[in-house]
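J.: So the protein lines, in turn, are chains A and B.
Note that UniProt numbering gives residue 115 to position 115 of the first sequence, counting from 1, and the numbers run on in steps of one.
Note that UniProt numbering gives residue 363 to position 363 of the second sequence, counting from 1, and the numbers run on in steps of one.
It cannot be assumed that every hint is accurate.
Stretch-level coverage of chain B by chain A, calculated; a stretch enters the list once three of its residues show a Cβ under 8 angstroms from a Cβ in chain A [as the list claims (entries may be wrong)]:
no.: 1; region: 30-38
no.: 2; region: 164-175
Beta-carbon label-pair distances, calculated as ranges [to be verified]:
no.: 3; chain 1: B; residue 1: Ala301; chain 2: A; residue 2: Thr335; range: 17 to 23 angstroms
no.: 4; chain 1: A; residue 1: Gly346; chain 2: B; residue 2: Gly167; range: 20 to 26 angstroms
no.: 5; chain 1: B; residue 1: Arg14; chain 2: A; residue 2: Asn183; range: 48 to 54 angstroms
no.: 6; chain 1: B; residue 1: Ala301; chain 2: A; residue 2: Gly127; range: 30 to 36 angstroms
no.: 7; chain 1: B; residue 1: Glu370; chain 2: A; residue 2: Glu104; range: 36 to 42 angstroms
no.: 8; chain 1: A; residue 1: Gly346; chain 2: B; residue 2: Pro53; range: 29 to 35 angstroms
no.: 9; chain 1: B; residue 1: Thr12; chain 2: A; residue 2: Arg246; range: 38 to 44 angstroms
no.: 10; chain 1: B; residue 1: Ser316; chain 2: A; residue 2: Glu104; range: 43 to 49 angstroms
no.: 11; chain 1: B; residue 1: Thr182; chain 2: A; residue 2: Lys36; range: 45 to 51 angstroms
no.: 12; chain 1: A; residue 1: Ser227; chain 2: B; residue 2: Gly312; range: 55 to 61 angstroms
no.: 13; chain 1: B; residue 1: Glu309; chain 2: A; residue 2: Glu249; range: 40 to 46 angstroms
no.: 14; chain 1: A; residue 1: Glu75; chain 2: B; residue 2: Pro317; range: 36 to 42 angstroms
Hint data in this document are derived by calculation from the structure and do not stem from the laboratory.
Ideal Cβ placement from N, Cα and C applies to all residues, glycine included.
There are 2 protein chains.
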Amino acid sequence: MATQRIIDFLATRRPSGPCLVVDLDVVEENFNAFRKALPDSSIYYAVKANPAPEILRLLASLGSSFDCASVAEIEMALDAGATAPRISYGNTIKKERDVARAFELGVSLFAVDCVEEVEKVARAAPGARVFCRVLTNGEGAEWPLSRKFGCVPAMAIDVLARAEALGLKATGVSFHVGSQQTNVEAWDSAVADAAFVFDTLAERGIQLTLVNMGGGFPTRYLKDVPSAAEYGRAIFEALRRHFGNRIPETIIEPGRGMVGDAGVIKAEVVLVSKKSVSDENRWVFLDIGKFGGLAETMDEAIRYPIVTERDGDARSPCVLAGPTCDSADVLYEKTPYPLPVSLTVGDEILIEGTGAYTTTYSAVAFNGFEPLRAYVI
Amino acid sequence: MATQRIIDFLATRRPSGPCLVVDLDVVEENFNAFRKALPDSSIYYAVKANPAPEILRLLASLGSSFDCASVAEIEMALDAGATAPRISYGNTIKKERDVARAFELGVSLFAVDCVEEVEKVARAAPGARVFCRVLTNGEGAEWPLSRKFGCVPAMAIDVLARAEALGLKATGVSFHVGSQQTNVEAWDSAVADAAFVFDTLAERGIQLTLVNMGGGFPTRYLKDVPSAAEYGRAIFEALRRHFGNRIPETIIEPGRGMVGDAGVIKAEVVLVSKKSVSDENRWVFLDIGKFGGLAETMDEAIRYPIVTERDGDARSPCVLAGPTCDSADVLYEKTPYPLPVSLTVGDEILIEGTGAYTTTYSAVAFNGFEPLRAYVI
């Protein structure tokens, strides 16, 4: 996944220290693949995955809309050329003053998942459109999905009814099947829940129009994942199955699926050692770790492909760890990572599929190390 | 643990958004308590715990030395008034160019835990002093201690012998009993290992002089912890037991124990909700979470005391979560946190014992949220 442009950039510029390089051509390809796979859905890029201005500008110019988690992300999307009607404030947890600020900036589509949040939006953004997030079980997702966002469908009905009663426009339902979701069937039961909410509210005279199907689209790490086209087919079938001929307006919010495979981190081997003469596994220490941008290795959830210049050589299992003095800064230990036996101090390696959820996750100065630098080319 | 000075600062200045406030008087008390408990040990403050310039300046003026994890931290300590002989480069994972830079700055005490690292130090800092870190089991520590740092004592002998052979000064042994270590006996077996390394090398004509006993000194979160005086007694007894009358020079490296209880985070309740009508626990969402400075809630390891203005009211269990769109940004769920039933949106709360491992752990811009601001008073 290190494209020729990325390889050439690193060879020519030789940036020192760990850094991420993102190839905009891959982002554009991903955007076009989503548009082709789901031609009737609006694409709201999940800005939190990677808010680099170059990425936002490219996507704005391609006609993308934007799913924002905070006022700062809304401002970034506007700065990149998005118009307010193309922005969704997708965080269900918002301060009332942030709702007011977003509304001032022209944003009029808000996520909610409880009556308390509806009341805030009604006060701070009168007349705005809201969609209610429902809980899904997240089965099949590689990045853990907790119960943090959403409510049960029965409660969503009350939440949306309350929104209408307070003068808001109850627009629809959202869900999220879990990040790095590799099971194309995962959308089916969530779409069924959405249809249940639509039907029940219709009986009360409230016509919903929007299903926000969230993100979850995976990027290819070590295992093959289904293509955007396969997801498109499965999602369309689910919509047909549960909505029949009255297929609603739909939104998708790819983040990882849009930028994950567009980025590669260049890192350096700082130390290779053993803990005892009889130690079976070597320890390989890099100049980047859990606090420098690879936070998604938490619980060894995301397993990135690693490319070295010695990949033809014999391999043996390694514990892979970061450079900080924190004992929790270990990337892969429960499942050691096979790396070339010849790997040595000073070697540069590439960590692929790191375009999403790396730069902004990076700690501001842990152990005095600077945050991950990024080049978008 | 919110001192009157901190309470007054918050009442007067009313900073908006989440922030940490550190009371330097508490840091000074902690320093004096360590000095009194272990009068024969040198105190090397673990800069990574909180590198705020005001803290480093205070400790430098009090006569503290500094344990640094990177060149950046060494420069911060020097800027704060420490002299190079009072600085230890305590990270066992260093780039050779960083060793060279530290040596240029006058630092001549380095941590190692393998022959490969000794070779780097010998090339980049000829003649410097090195101590070898040995593995401990970390039992009794609340923050997980992995096998990341250190080697078995038998290997430490070879590492230090190699250092001498390469023209370095093999100075001693270090260990770390695990952060937030609440068992005062934990130092005993590590001191025994150190004595074994001393004795074996003495037989080979190499006289070690230094035992670096690391950190691990706890701060008071929800449970009482032993006092510095109790640790001092246990450590002195361990040294007597294993070194007899030849008690070596000793170093301690408190980080959390020096600044943990000196800091309080002010945060705001953004949302209180339930996921269904029958949900037993409320969800309480704050404007700070795992990516905004509370990384040590990972796996619910550190459980901070929380003070609200409604603490006299009845309590019920809550799931506590942060403000980001990341489903992993949940602080306490496996063991819900009892909070006042009357707690409501907009309430300010204090999270105590947050002076260590918060500001620098904070993500640089995750979800567009700015890193944790800090005020040192």
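J.: If a hint holds in the structure, say so; if it does not, say that too.
T.: These are the hints, each one checked on the structure:
1. 30-38: Coverage by chain A is violated here, the residue count being 0 at a Cβ distance below 8 angstroms.
2. 164-175: violated (count 0)
3. Ala301/B x Thr335/A: 17 to 23 angstroms: Since alanine 301/B and threonine 335/A have Cβ atoms about 22 angstroms apart, the given range 17 to 23 angstroms holds.
4. Gly346/A x Gly167/B: 20 to 26 angstroms: holds, 22 angstroms
5. Arg14/B x Asn183/A: 48 to 54 angstroms: Holds, since arginine 14/B and asparagine 183/A (Cβ atoms, about 49 angstroms apart) stay within the stated range.
6. Ala301/B x Gly127/A: 30 to 36 angstroms: violated, 45 angstroms
7. Glu370/B x Glu104/A: 36 to 42 angstroms: Taking Cβ atoms as reference, glutamate 370/B and glutamate 104/A lie about 20 angstroms apart, which means the hint is violated.
8. Gly346/A x Pro53/B: 29 to 35 angstroms: About 33 angstroms separates the Cβ atoms of glycine 346/A and proline 53/B, which means 29 to 35 angstroms holds.
9. Thr12/B x Arg246/A: 38 to 44 angstroms: violated, 59 angstroms
10. Ser316/B x Glu104/A: 43 to 49 angstroms: Between serine 316/B and glutamate 104/A, where Cβ atoms are some 37 angstroms apart, the hint is violated.
11. Thr182/B x Lys36/A: 45 to 51 angstroms: violated, 58 angstroms
12. Ser227/A x Gly312/B: 55 to 61 angstroms: holds, 59 angstroms
13. Glu309/B x Glu249/A: 40 to 46 angstroms: holds, 45 angstroms
14. Glu75/A x Pro317/B: 36 to 42 angstroms: holds, 37 angstroms
Hints 1, 2, 6, 7, 9, 10 and 11 from the list above are not met by this structure, while the remaining hints are.
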